[in-house]
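Read off the chains here:
2 protein chains.
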Amino acid sequence: MVKAPLNRLRLRRLGVDTQKEYVAYLRVDSHIAMSEGFEALTRIRVHSGNTSIVASLYIVHSNMLKKGELGLSEMAFNALSAKEGGYVTIAHLEPINSLSYVRSKIYGNRVTGKEMKEIITDIVAGNYSNVHMASFITAFGGENMNLDEIISLTRAMIESGSQMKWGKSVVVDKHCIGGLPGNRTTPIIVSIVSSLGLIMPKTSSRAITSPAGTADTMEVMAPVNLSLKKIKAVVDKEGGCVAWGSNARLSPADDILIRIERALDLDSEGQMIASVLSKKKAVGSTHVVIDIPVGDTVKIRSIEAANHLKVLMEKTGNAIGLKIKVVVTDGSQPVGKGIGPSLEAMDILAVLRNEKEAPSDLRSRSLLLAGELLELVGLAESGKGNEMAAKALSSGKAYQKFMAICKMQGGFTEPGFAKYMHDVKADKEGTICAIDNRKLSRVAKLAGAPDHARAGLLFLSPIGRKVNVDDILYTIFTETEGELEYVLEYQKTEKDIITIQ
Amino acid sequence: MVKAPLNRLRLRRLGVDTQKEYVAYLRVDSHIAMSEGFEALTRIRVHSGNTSIVASLYIVHSNMLKKGELGLSEMAFNALSAKEGGYVTIAHLEPINSLSYVRSKIYGNRVTGKEMKEIITDIVAGNYSNVHMASFITAFGGENMNLDEIISLTRAMIESGSQMKWGKSVVVDKHCIGGLPGNRTTPIIVSIVSSLGLIMPKTSSRAITSPAGTADTMEVMAPVNLSLKKIKAVVDKEGGCVAWGSNARLSPADDILIRIERALDLDSEGQMIASVLSKKKAVGSTHVVIDIPVGDTVKIRSIEAANHLKVLMEKTGNAIGLKIKVVVTDGSQPVGKGIGPSLEAMDILAVLRNEKEAPSDLRSRSLLLAGELLELVGLAESGKGNEMAAKALSSGKAYQKFMAICKMQGGFTEPGFAKYMHDVKADKEGTICAIDNRKLSRVAKLAGAPDHARAGLLFLSPIGRKVNVDDILYTIFTETEGELEYVLEYQKTEKDIITIQ
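From first to last, the protein sequence lines stand for chains A and B.
Per my numbering, the first sequence starts with residue 1, numbered consecutively.
Per my numbering, the second sequence starts with residue 1, numbered consecutively.
Accuracy of the hints is not assured; some may be wrong.
A pair counts as met if it fits within one copy or between any two copies, since identical chains are not told apart.
[To be verified] Result set (DMTMM-like, lysine to aspartate or glutamate): computed pairs, CA atoms no more than 25 Å apart in a straight line:
1) 168 / 436
2) 67 / 481
3) 67 / 84
4) 67 / 489
5) 67 / 485
6) 66 / 261
None of these hints come from the bench; they were simulated from the model.
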């Protein structure tokens with residue numbers, strides 16, 4: 001008779017979202033918890049057949065689990081791809097060799113490209129806990145990486161996932177260094193440059209802390225959850241796409257690390273460069289325009305900081321074979337009127353359709369960046385890119401291209417408004433002199449964006465506008481009364497969202 | 001009618017041990033999860049009446065929780081001291097100011113004493129998540145702290161908890177920089193020096209990664225879970241005690257940070273110094289002997305490293321008003337025969353009772369360190385401490401004192417052996433030439449130590465011993481057959497626990 005292994009447990013799906021960190025739950029009175037000295041926070045390996053995952057262990061003292069069960073958090077359960085109720089075994093985790101490079105870095109040593117690669121491979125394999133990743137991000141944070149290390153990290157992140165090939169010498173892309181509400185130029189730029197024959201396989205992110213990511217906004221108008229194969233098909237046909245990036249496993253290390261960077265509120269230059277450029281390279285780009293908005297309430301707050309970042313980005317881009325053009329823009333106030341997926345989509349369509357009331361700032365920013373791209377690849381002469389882009393837009397070619405892309409992605413839908421609305425009005429006469437972008441974003445989020453795509457706000461009070469008492473500053477849209485109450489309560493406590501003088 | 005706040009939830013105790021990090025569980029379809037944009041890993045504040053705690057949030061997609069419930073991990077539930085089923089409210093966490101000092105440190109700046117104090121205060125208040133603590137430990141890890149910062153950290157840790165006062169100009173203590181199995185000199189030293197009239201209020205730790213901590217070993221013979229008041233009473237009467245430290249809230253920051261340091265396997269000098277010396281100062285010590293065993297498989301691996309540590313410890317001790325004497329000792333093999341709480345307790349008693357077969361290495365190490373303490377405080381002339389200690393031991397005075405201390409702590413119990421035993425024998429003839437202390441510790445842990453106090457092993461093969469085939473190298477003791485099987489399986493895969501040549 002073959003004895004069952006002592007460490008065999010029955011799998012239980014707990015339905016707990018613990019983000020990217022896999023968590024396993026084990027009862028304190030399990031034989032294995034006692035005999036193996038497993039205690040809370042121990043790192044374990046969970047085996048099911050030929051697959052295994054690494055998880056952090058929590059110890060359960062209640063009947064949440066039955067004896068002999070191993071509970072798994074949602075992503076851990078999915079990663080193991082085993083059946084609930086099936087048998088799994090667990091074991092102590094073998095030592096993770098690459099953690100010694102992180103320790104070495106803490107002691108002030110440089111890491112080699114090979115070592116960086118090993119670290120990133122372990123992170124993508126799920127071998128680092130959140131605590132290990134926080135240590136990695138800190139050790140390589142601030143200004144602790146030199147250019148070589150930034151390049152190593154960028155390369156390692158590229159190699160950590162899929163890489164797309166287009167068989168073309170010119171593939172373009174753009175990126176905005178975050179933080180400006182409504183700055184949704186991407187679908188317009190993609191439409192302009194692909195209508196002029198360029199290849200632009202654009203992958204975008206969903207909102208992390210903002211009321212809308214480009215992927216959320218695009219999704220209002222067309223499906224964005226495309227496989228790599230589907231992206232390929234759309235771009236082969238239309239030259240461009242606007243897809244959600246995460247599904248494509250392009251630079252997956254970035255998706256993992258960004259959560260912890262956010263928890264630490266630590267946004268180090270070197271890591272940001274690696275994050276942005278690895279995604280661009282992985283998608284197969286050759287020429288990239290980077291938009292850096294500068295302002296008091298966005299990520300980059302001074303021209304000096306923007307210029308420092310520009311130089312590092314250009315050098316790193318050069319090392320990995322990307323031609324980079326950095327454009328520094330105004331980041332003092334929101335772009336366009338809409339904040340929230342559907343409301344931003346309306347702005348985009350207004351620009352593409354050349355409507356009279358289309359937001360002129362969104363239009364001119366899109367033309368600026370599209371023009372820079374056209375010049376960077378040599379399609380337009382220096383100084384003529386903006387004009388070429390404007391022509392593609394005014395002629396309706398860009399709009400036709402956009403509709404064709406939407407069709408290829410799965411079909412176009414016209415954006416709409418949420419059910420409830422409320423006008424926020426000026427309480428005095430004067431001139432709008434400052435906007436707190438962070439707080440305005442928070443209003444849109446409390447209103448329900450991005451989960452409720454039609455929620456958010458329409459912003460009607462740009463800096464310099466003269467207002468009278470009771471003029472509308474912005475209009476809030478929500479899908480439920482509860483959310484509207486919530487927003488109004490928040491507004492009561494925050495007086496400096498929009499400053500009138 | 002007063003409306004219930006939207007963020008009101010019913011409290012549910014989940015019985016999950018997540019260590020010192022408080023974790024809260026909320027259903028994805030709760031109104032507040034949606035409207036407030038709470039997502040997994042968000043940090044929230046949980047209010048119950050006038051108390052509140054900070055917790056990391058996990059989002060639940062299953063019926064583990066009912067709608068409108070907030071689940072709490074075990075320590076979070078205890079910290080909030082609210083009733084299960086009662087109402088709590090939750091809110092986004094206000095920004096933690098001291099995290100900006102950690103970020104500043106990542107950028108290479110020094111922190112002031114005041115800033116360090118604020119960081120440690122937040123950590124003790126539970127305001128840092130594990131991820132934040134990992135970042136703190138990394139930023140201040142390696143050699144990143146200068147002497148001023150080490151002193152600041154030590155002071156902040158002392159002030160983070162209770163501090164004992166004895167009204168005496170001389171209060172002694174000792175500490176061993178970890179890692180040597182069986183090195184259980186503490187109860188012997190306490191007995192010797194307090195029998196000679198010194199005050200030694202010793203607080204010790206339980207095992208973290210080892211098969212036994214001093215508190216675990218002492219607990220076999222007498223209760224160690226003493227309140228501050230009880231410690232005071234024991235020491236006032238007998239001059240010495242051996243108590244478990246954690247109950248006394250002496251330097252509680254250390255108890256919190258040590259878990260994360262262990263998870264990171266990062267043992268930075270500066271943090272270790274602050275950890276050790278803050279505990280000593282908090283307990284009211286004035287004179288401290290530090291034992292640093294040096295060996296290939298213990299924490300400190302070279303004389304140079306030991307000396308570097310010695311200098312920093314002496315300078316830091318000086319700054320906080322502690323007289324420090326560092327003694328570097330041999331760390332090449334276990335001390336005594338027993339490994340595991342009860343088996344180590346037998347060694348201690350054999351030495352105190354002057355039994356013929358008492359382990360001479362444990363005896364001589366205890367006398368060395370006790371002698372150094374006697375000289376450090378000026379009770380013995382230089383070079384005469386060892387002799388004075390030996391006299392107190394041989395005369396039986398130390399044993400009497402030990403029994404008196406046990407009585408005051410709650411009563412003495414004679415240690416015993418676990419139920420199952422198994423001899424591990426030499427498979428060849430030769431001389432013992434090396435011991436892997438880490439693997440030997442692992443054998444004792446797999447045997448059940450320290451949770452099963454009588455489990456562990458008796459080590460009978462010190463370096464230099466000549467053995468024949470089938471001579472006993474060590475004897476394993478376990479309380480269950482399952483554990484014995486477990487250990488034997490481990491032994492099969494590990495051939496170099498004891499090397500015979």
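Classify it for me, residue 67 with residue 84: is the Cα-Cα distance of at most 25 Å met within a copy, between copies, both or neither?
both (15 Å within a copy, 24 Å between copies)
Quick one: residue 168 to residue 436, C-alpha cut-off 25 Å, is that within a copy, between copies, both, or neither?
neither (43 Å within a copy, 59 Å between copies)
Homo-oligomer pair classification [residue 261, residue 66; C-alpha up to 25 Å]:
neither (36 Å within a copy, 32 Å between copies)
Is it within, between, both, or neither for residue 67 and residue 481, if the alpha carbons may be no more than 25 Å apart?
Between. Shortest inter-copy distance 19 Å satisfies the 25 Å Cα cut-off; intra-copy 45 Å does not.
Between the shortest in-copy and the shortest cross-copy C-alpha distance, which are at most 25 Å for residue 67 and residue 489: within, between, both, or neither?
between (47 Å within a copy, 24 Å between copies)
Regarding residue 67 and residue 485, is the shortest C-alpha distance of 25 Å or less found within a copy, between copies, in both, or in neither?
between (46 Å within a copy, 21 Å between copies)
Comparing the model with each earlier hint shows violations of hints 1 and 6; every other hint is respected.
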